[in-house]
Amino acid sequence: EYQFSYKNVKVDGATKPCIVLSTNSTNTNTNHTLASGKTIKNKTTDDNSDSKLGKSPWIKIRNQRDQASFDVSIWVSTCAHEKIRDKLLNGYQNRYSTKRSPPWSNLNNNSKILEQILFDGVMRQKCRKPITDSDFFCSVQCPLEEPELESKMRLLSEPYSFEKIWSLCKQRQVSALVWIDNNKPKYLPCGERVVGRSLWYVKQRLITQMACSIKLPTVLYAFDNSDFPLPLQTNSMFKPIPGVVRYTGIRSHPQLLFPTGEYVKSMVHCKIARGEDQQNKNDTIEVCVRAWADPSGRVTYCAADNWDERENVTFWRGTLTGSATRSTINYNPRFRLVRDFRSRKGFDVALTGGMISSNQSIGEEAQRVVVRGRGESVNRHHFCKFKSLVHCDGNSAAFSLAYKLSTGSIVFWIDSFYGFNEFYYTHIKKWKHFIPVDSDLKNLQSINDWIFNSENGIHFARSVSENAKKLIEERLTPEATYCYVLRLFKSLAEKQLKEATRESLEAAGIPVDRFREFER
14 EYQFSYKNVK VDGATKPCIV LSTNSTNTNT NHTLASGKTI KNKTTDDNSD
64 SKLGKSPWIK IRNQRDQASF DVSIWVSTCA HEKIRDKLLN GYQNRYSTKR
114 SPPWSNLNNN SKILEQILFD GVMRQKCRKP ITDSDFFCSV QCPLEEPELE
164 SKMRLLSEPY SFEKIWSLCK QRQVSALVWI DNNKPKYLPC GERVVGRSLW
214 YVKQRLITQM ACSIKLPTVL YAFDNSDFPL PLQTNSMFKP IPGVVRYTGI
264 RSHPQLLFPT GEYVKSMVHC KIARGEDQQN KNDTIEVCVR AWADPSGRVT
314 YCAADNWDER ENVTFWRGTL TGSATRSTIN YNPRFRLVRD FRSRKGFDVA
364 LTGGMISSNQ SIGEEAQRVV VRGRGESVNR HHFCKFKSLV HCDGNSAAFS
414 LAYKLSTGSI VFWIDSFYGF NEFYYTHIKK WKHFIPVDSD LKNLQSINDW
464 IFNSENGIHF ARSVSENAKK LIEERLTPEA TYCYVLRLFK SLAEKQLKEA
514 TRESLEAAGI PVDRFREFER
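Quick note, my numbering runs 13 ahead of the 1-based positions in the sequence shown.
Keep in mind that the hints are not guaranteed to be accurate.
Below 27 angstroms or equal to it, Euclidean Cα-Cα: the simulated DSS-like pairs (lysine-lysine) are [stated by the list, open to error]:
(1) K183 <-> K508
(2) K228 <-> K139
(3) K398 <-> K455
To be clear, the hints were calculated from the coordinates, so they are not data collected in a lab.
Generate coordinates for the entire structure from the input sequences, incorporating the hints supplied.
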């Protein structure tokens, strides 16, 4: 078994922070041959159990789990580059200072370094001198494990052809083909345009900033810009499709997932405005703490550890999405939530417009529930006034989960019929980071009463709130998002049958000249 960890190791007479490969071998002369053919020679260290990695920043290891052997692509590197870290942390202060972060900011050095990497690449170097992926990995100390990618790459293990994803594009099964060519991100709409402008804009900004700042692999993949987790063709519903990236997936249809626009705006770049192409680039580069500051920038309840001082109210606002027809409306969890709990003491739940159906589509009785259950929309920082928040899926995964986990309120997560998931759900555990609620809502009242009316419930709620905030601060960080996307691109590049060159795309019949560059 191989395990990776950070450790200070003497290299060329100097102690440097390295990523080391630990084994259970006692023979220090053994060569460990990895699945990719790379060989690592053991270097004797203080405990004679670590191997200093070779120069390759991208290797595969052979692992054993559940008595099944499989390949796992893991990105590792030699040593952190102290000079680069010092330069990024201390340099360019006259042009862009990390002191712009508000006084209540809890940005760590890694997030400040991420800001400097992005600013240097986008603003100072004008996309001319991106750093290597290895330098980036070490500079922000990317997490050593990426369970979401590891599990999906085991299932989507077959290489994919450009002919296959071009066929999906022509059939309008995906929204666009994305091609990173010599570090220039481009896209080919599968139709007249890419549907879903607000989602697409945030994805473009994120990838463009990465390409300006980090050397990305040459890769071509298909992307579905909708929030729907399945292909449109029913005969493909349960067949995993390599080379396709989406925002959401379900248990029965594993997919490679990209961070949603709402996640990026809540957890990475809080000042990215929806669809504003002429937005100040400094605002999109700036790494946020969280998006729960009010419009004036003042600190809100979310900034403090004050769960006991918040209102004893379970709160939800949202639109009526997900199965809103006469025959299915009573199975809609959002409809049931408002119908059954809008008038109960201790609950503040309401619909906020959006997809409000007519009498003809859902029936008169259901329509009366919808009309009576409507309430005013509120800004997100308003959520932090309440001790508990409800999370409820609609047509797809509700993209506000990460934001709710970061508020310090506890989250009652209504179980999804379909098991929708986003790229970070593998890190979230029930009863540790959130409180699960049955899909029929029959246990919501009893859980709510236990949380607010018993000492054990109050103590448990505090621990769930603390665990969720700790997860956000330590694992779901801005730099971890960039690390995930970079690993996603590298994993896709490894699964291509051919390198994504102009010649290989033309051989697959793809009209290369129709690709458009992402807006910088």
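Status of the hints after comparison with the structure:
no.: 1; hint: K183 <-> K508; verdict: holds, 22 angstroms
no.: 2; hint: K228 <-> K139; verdict: holds, 14 angstroms
no.: 3; hint: K398 <-> K455; verdict: holds, 25 angstroms
Checked against the numbered hints above, the structure breaks none of them.
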